[in-house]
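Produce the complete structure using the sequences and hints provided.
Residue numbers (this note's numbering), protein chains in the order written: chain B, 2 to 207; chain W, 2 to 207; chain R, 2 to 207; chain A, 2 to 207.
No lab work stands behind these hints, which were simulated from the structure alone. Predicted model, so just to flag it, every value in this text is computed and none were measured.
Simulated restraints on C-beta separations:
1) B/H49 <-> A/D46: 29 to 37 angstroms
2) R/I187 <-> W/I136: 25 to 33 angstroms
3) A/N118 <-> R/E115: 33 to 41 angstroms
4) W/I201 <-> A/T83: 37 to 45 angstroms
Quick look at which bits of chain B chain A covers, simulated, 3 or more residues with Cβ under 8 angstroms:
5) 18-29
6) 67-74
According to the in silico footprint, chain R covers these stretches of chain W (three or more CB under 8 angstroms from chain R):
7) 30-44
8) 89-99
9) 109-115
10) 122-135
We put the beta carbon where it would ideally sit given N, CA and C, even for glycine.
Protein chains: 4
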Amino acid sequence: MAEPGRTAPTQTMSTRRMEALSDGVFSIAMTLLVLEIAIPPGSQDLLHDFLHHWPAYLAYVVSFATIGGVWLAHNVITEFLTQAVPTLIRLNLILLMFVAFLPFPTRLLAEYLENVNQERVAATIYGTTLFTTNILVAVLWRYAASRQLIGTAGDDPDIKLFSRRLTPALGGYVVLIVVGLFFPLIAVFGYLLVAVNLLIPIRRHR
Amino acid sequence: MAEPGRTAPTQTMSTRRMEALSDGVFSIAMTLLVLEIAIPPGSQDLLHDFLHHWPAYLAYVVSFATIGGVWLAHNVITEFLTQAVPTLIRLNLILLMFVAFLPFPTRLLAEYLENVNQERVAATIYGTTLFTTNILVAVLWRYAASRQLIGTAGDDPDIKLFSRRLTPALGGYVVLIVVGLFFPLIAVFGYLLVAVNLLIPIRRHR
Amino acid sequence: MAEPGRTAPTQTMSTRRMEALSDGVFSIAMTLLVLEIAIPPGSQDLLHDFLHHWPAYLAYVVSFATIGGVWLAHNVITEFLTQAVPTLIRLNLILLMFVAFLPFPTRLLAEYLENVNQERVAATIYGTTLFTTNILVAVLWRYAASRQLIGTAGDDPDIKLFSRRLTPALGGYVVLIVVGLFFPLIAVFGYLLVAVNLLIPIRRHR
Amino acid sequence: MAEPGRTAPTQTMSTRRMEALSDGVFSIAMTLLVLEIAIPPGSQDLLHDFLHHWPAYLAYVVSFATIGGVWLAHNVITEFLTQAVPTLIRLNLILLMFVAFLPFPTRLLAEYLENVNQERVAATIYGTTLFTTNILVAVLWRYAASRQLIGTAGDDPDIKLFSRRLTPALGGYVVLIVVGLFFPLIAVFGYLLVAVNLLIPIRRHR
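See the structure below:
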């Protein structure tokens, strides 16, 4: 157990399968979102019904962009990871549990965003899920950084940039959840903005 | 066929694709669980309906944690695997058949846990599926160990710890299935406990 | 284009992504099968309804075993593959199109196997899909063998065994499709038998 | 950051996970298409209902072939990729967003192709999605080519062939969207033709 020979491949393998499971969950959650878009069968005016389903397309884009952003952050974290220690694997499973959950609040948003009485509730549930997911990304990142699992990557300008961006994004979610209690639609566009901001190229390349 | 040169990559390839298929099934089964959570459309009080769907969220968390635990155990087993022999590949397919089946009893539990007359049946079907799945993990492990497919890993303290934990977990499932005949909800929390216990870091790291 | 340096990694990469896409489709098709099992909501006697859904479980097991068998055959074929030529990639896509289609006839079988008037139709549609899928496995294999894409593997006893088993399996499907016109349930058990037979360890290990 | 040692594996890893996510989305989108094929339960004449569902099978084949073609093009692009720069990763996410969306217009086409009043709308939505998806493939390709991310591959005859084929395919989509306003069914067969044409072996092998 102490010989480095066995330890090294074991760790590498863990990271590989953690990434395989994660990429699986990310890609499936992304693709399942489309199942939430459903025009009731037997439409008499398909063009009208198609256009009036815009909250579903908006919810699809926001959720897709958010999962894309989380995937990218996950990518950055695991890229610098030198060891996949047990706690990290569990934290990662909890993160995946929220990513896989996202299609459910997305469906609520798609269905109730036009509904004056229920849209506040839908937007709050949606925003809280996005916020929790990003909190877990931050926890994963802080844990990896604090345990020195990411080598000398802490000095990397990309990593510094990523660190600097995550905290304002979390703040943004808190503000938008409150905004959503009064103006749900504005909050949803805000969620899109936060996701797109996290997606903007982190690393300026050489 | 006898030259070691060709044999080695062949075996490695089999393990790789067995892992790829398994990680695929694990991640899809995890993510499909969310489709079982459905608030009937046209809710007049979304907050009330959302909160009253707690059995669906509980079922989601328990099933996600269980699949996570099975994935982790699978990970430990294949990490030490030096050969993917045919019988193991078939045992693995049977295990995956039960993992992929899990969303169905999860849906039953989500729907009937509030229902006084049917919840006993739902909890029993659910518990039996969890029990069978973990039995298959144990069979896979015993088979790999008995055929010396896991090299010297049998002396590894992690592996000993994993072996020691699996048997009580199986016992726990039997007890909880019986408990579920009388107190279904307590049994479901018990299943969560067993899953979380199997998820607690197996390997104390260096 | 002629330098071996560039050619080699290109080919390897193609094979790798062909395998990644295939393993994705195999594992998703396997896991989507569970969505076809659905007890109508609001059951008044869940135990009774659960037990009376046996055709759905039978259809699930037969389809899962069939996809498992096709995956295994696919595995054997690509293991010996030295080149992923364009025609093979297209044949593979056609095979995947039928594998991905299988959940649909599985649902028909699950729903209509108890229905005296419709079960013959459901069993025929199901059997024809299984037959076509296995025909495509055979075509893929013959093509790879005829183009010498599998190196000296043709002399391998495993490969000979695999070749010998595939033709009787195809014959079995033809017989069972005819049987299914009169005795649908017997045909379905026959399909299970063929799938299990294809799953029985192909390679006796050293 | 400047030492080539760290840069190289980082880039490779990014490409690997971009491919893993992409292959995940491609294979799931392909397999989810089957969920759009649904014969209403309780059919009294299953053979009749099965045969009259031909628009659903046609839509399945066209969408499967289109995703297959996009996957193949994606494969060709990433095969020659020497670096996965940030902008490319984002362009790829946008492409995946449209690939994952395709099951929705496929369902509309499957349901409304027989419907004289609505089929024009369904065919236009469908065609526009196919067109946009292929535009994004072209953008991805042009971007990679313009930034010299594909090494000397620009001189490769395969790549030249691929480049030459993509533009007429885009033109074909524009023509077919217009055709679909008058003859929706002819447009759908046209979409199949374009997809099959893109699937025809790009590389004549050595």
